[in-house]
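Chemist: The residues making up each chain are set out below.
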Amino acid sequence: MSVDMAIKVLEESLGKMVLIKLKGGKVIRGNLHGFDQHMNLTLEQSEEIMEDNKTNSLGTIIVRGDNVVIISPPPR
Amino acid sequence: MSVDMAIKVLEESLGKMVLIKLKGGKVIRGNLHGFDQHMNLTLEQSEEIMEDNKTNSLGTIIVRGDNVVIISPPPR
Amino acid sequence: MSVDMAIKVLEESLGKMVLIKLKGGKVIRGNLHGFDQHMNLTLEQSEEIMEDNKTNSLGTIIVRGDNVVIISPPPR
Amino acid sequence: MSVDMAIKVLEESLGKMVLIKLKGGKVIRGNLHGFDQHMNLTLEQSEEIMEDNKTNSLGTIIVRGDNVVIISPPPR
Amino acid sequence: MSVDMAIKVLEESLGKMVLIKLKGGKVIRGNLHGFDQHMNLTLEQSEEIMEDNKTNSLGTIIVRGDNVVIISPPPR
Amino acid sequence: MSVDMAIKVLEESLGKMVLIKLKGGKVIRGNLHGFDQHMNLTLEQSEEIMEDNKTNSLGTIIVRGDNVVIISPPPR
Amino acid sequence: MSVDMAIKVLEESLGKMVLIKLKGGKVIRGNLHGFDQHMNLTLEQSEEIMEDNKTNSLGTIIVRGDNVVIISPPPR
Numbered sequence: 000m001s002v003d004m005a006i007k008v009l010e011e012s013l014g015k016m017v018l019i020k021l022k023g024g025k026v027i028r029g030n031l032h033g034f035d036q037h038m039n040l041t042l043e044q045s046e047e048i049m050e051d052n053k054t055n056s057l058g059t060i061i062v063r064g065d066n067v068v069i070i071s072p073p074p075r
Numbered sequence: 000m001s002v003d004m005a006i007k008v009l010e011e012s013l014g015k016m017v018l019i020k021l022k023g024g025k026v027i028r029g030n031l032h033g034f035d036q037h038m039n040l041t042l043e044q045s046e047e048i049m050e051d052n053k054t055n056s057l058g059t060i061i062v063r064g065d066n067v068v069i070i071s072p073p074p075r
Numbered sequence: 000m001s002v003d004m005a006i007k008v009l010e011e012s013l014g015k016m017v018l019i020k021l022k023g024g025k026v027i028r029g030n031l032h033g034f035d036q037h038m039n040l041t042l043e044q045s046e047e048i049m050e051d052n053k054t055n056s057l058g059t060i061i062v063r064g065d066n067v068v069i070i071s072p073p074p075r
Numbered sequence: 000m001s002v003d004m005a006i007k008v009l010e011e012s013l014g015k016m017v018l019i020k021l022k023g024g025k026v027i028r029g030n031l032h033g034f035d036q037h038m039n040l041t042l043e044q045s046e047e048i049m050e051d052n053k054t055n056s057l058g059t060i061i062v063r064g065d066n067v068v069i070i071s072p073p074p075r
Numbered sequence: 000m001s002v003d004m005a006i007k008v009l010e011e012s013l014g015k016m017v018l019i020k021l022k023g024g025k026v027i028r029g030n031l032h033g034f035d036q037h038m039n040l041t042l043e044q045s046e047e048i049m050e051d052n053k054t055n056s057l058g059t060i061i062v063r064g065d066n067v068v069i070i071s072p073p074p075r
Numbered sequence: 000m001s002v003d004m005a006i007k008v009l010e011e012s013l014g015k016m017v018l019i020k021l022k023g024g025k026v027i028r029g030n031l032h033g034f035d036q037h038m039n040l041t042l043e044q045s046e047e048i049m050e051d052n053k054t055n056s057l058g059t060i061i062v063r064g065d066n067v068v069i070i071s072p073p074p075r
Numbered sequence: 000m001s002v003d004m005a006i007k008v009l010e011e012s013l014g015k016m017v018l019i020k021l022k023g024g025k026v027i028r029g030n031l032h033g034f035d036q037h038m039n040l041t042l043e044q045s046e047e048i049m050e051d052n053k054t055n056s057l058g059t060i061i062v063r064g065d066n067v068v069i070i071s072p073p074p075r
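Protein chains in written order, with numbering that gives the first Met the number 0: chain C, 0 to 75; chain R, 0 to 75; chain F, 0 to 75; chain X, 0 to 75; chain E, 0 to 75; chain Y, 0 to 75; chain P, 0 to 75.
Rather than coming from a laboratory, the hints here were simulated on the basis of the structure. Be aware that a few hints might be false.
Sample of chain E residues facing chain X (criterion: CB under 7 Å; computed from the structure) [to be verified]:
(1) Met38
(2) Val67
(3) Ser71
None of the values given here were measured: they were computed from a predicted structure. From the three backbone atoms N, C-alpha and C, an ideal C-beta is built for every residue, glycine too.
The task is simple: from the sequences and hints, build the whole structure.
Modeler: Shown next as structure tokens:
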């Protein structure tokens, strides 16, 4: 079993842009500034991406982990 | 792993206006007066922001943490 | 971190009228008689506030904490 | 903090009629025969109260606590 | 507080027909063969009761406890 | 109290066809290959059963236990 | 009881294509790169499979385990 896999991917993504899909369909992009074992995330320069691909600037935010469905780190 | 990241952002926001997005779509703005590790929050001079951008004054409130989706601290 | 903030606000509200917003949209007003760390609440002389601002008397009630979204203590 | 408040109200209601509101809108009235710390309840001579105020007899039932929103003890 | 009340009612119902109401509205009747503290249940000769009171035979089943709303033991 | 009842029924069903009803209405049939105390299940030669009774082959699958409503073991 | 069954299937699937069905109906296919006991998953070269069978490339992603309904390992 590889318990630390998610954490390793998140650590490698610190300081980089990640894409977050939340329950209910909200999509957020931002610079990953921190995270914890519940997948609580802090993002900087974040923005919500609307269905029409317009964006809505959110600045620095904390995302509560239980809302997270998928985290996409940046391509390597 | 950076467990204390969310707490650090919340501590820096104490006494400042934060924007809270809740499950179900409610949006609340208020002066952050306290928080705990469940993201239970106490806000002062808070108001609900309606879809038409009108506001509804709520005064001092406690928000139960499991309803929180996103917390936006004030711009630095 | 200020873990006891919510509890302090609740303790100061004991014996006073509080407004409770529940998941699903129900709104209840009552005299706060007790609470615990799960935000289970006991209210006296409580009433449900309908969308048309009519009220429905509930008397003494126990509210199970996991239904709570927001607690508004009385203005100081 | 008054942790035992809900339990005190429930204990005083043993053997008396209580009104239970459940998630999803079901309303049940019955004689409170027992409870535990999860708000699991046993009711006797219980009945479901329909929206048209008709009742549907349920007899003795166990209510799983996580469905409970509000418990109304009898007026004192 | 009477923690063992639900368990006592369930134990007295072993080997007897019980009616189970589940989240989402499903109603199941069956012979209670076992249970645990999560209200996981095993039923024998069970059947689903449709809204038109037709029944759909299910035989022996395990019901995961977190789906349970109400358990009706047989009348004594 | 009979804590091991569900486990006994599941153990007796190992290597046999079981029917699984999931939250949201999905129905799956498969050969029970394993399970744990959360009702996580591994099924082999599994298939989803559609509302029109057509089937959709799924092969070997893991079902996360918190989605499970009912498990029907094979008739004895 | 066979607690390690799900983990054994997941370990055998490391480095192989798996199909993931999520709550809400999203379907994702990707190369399984890691997992933990909560069924948090890391996938590489992943893509979302739309209802019309078109695919939407997602690259490397972390899936939070509580969204997972079914994991289909590759046929052996």
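Chemist: Each of the hints needs a verdict: does it hold here or not?
Modeler: Structure-based check of all given hints:
For methionine 38 (chain E), the interface hint holds, the least distance from its beta-carbon to any beta-carbon of chain X being 6 Å, beneath 7 Å. A hinted interface residue such as valine 67 (chain E) counts as satisfied when its beta carbon comes closer than 7 Å to some beta carbon of chain X; here the least separation is about 5 Å, so the hint holds. At about 5 Å, the closest approach between the beta carbon of serine 71 (chain E) and any beta carbon in chain X falls short of 7 Å, and the interface hint on this residue holds.
Of the numbered hints listed earlier, not one is contradicted by the structure.
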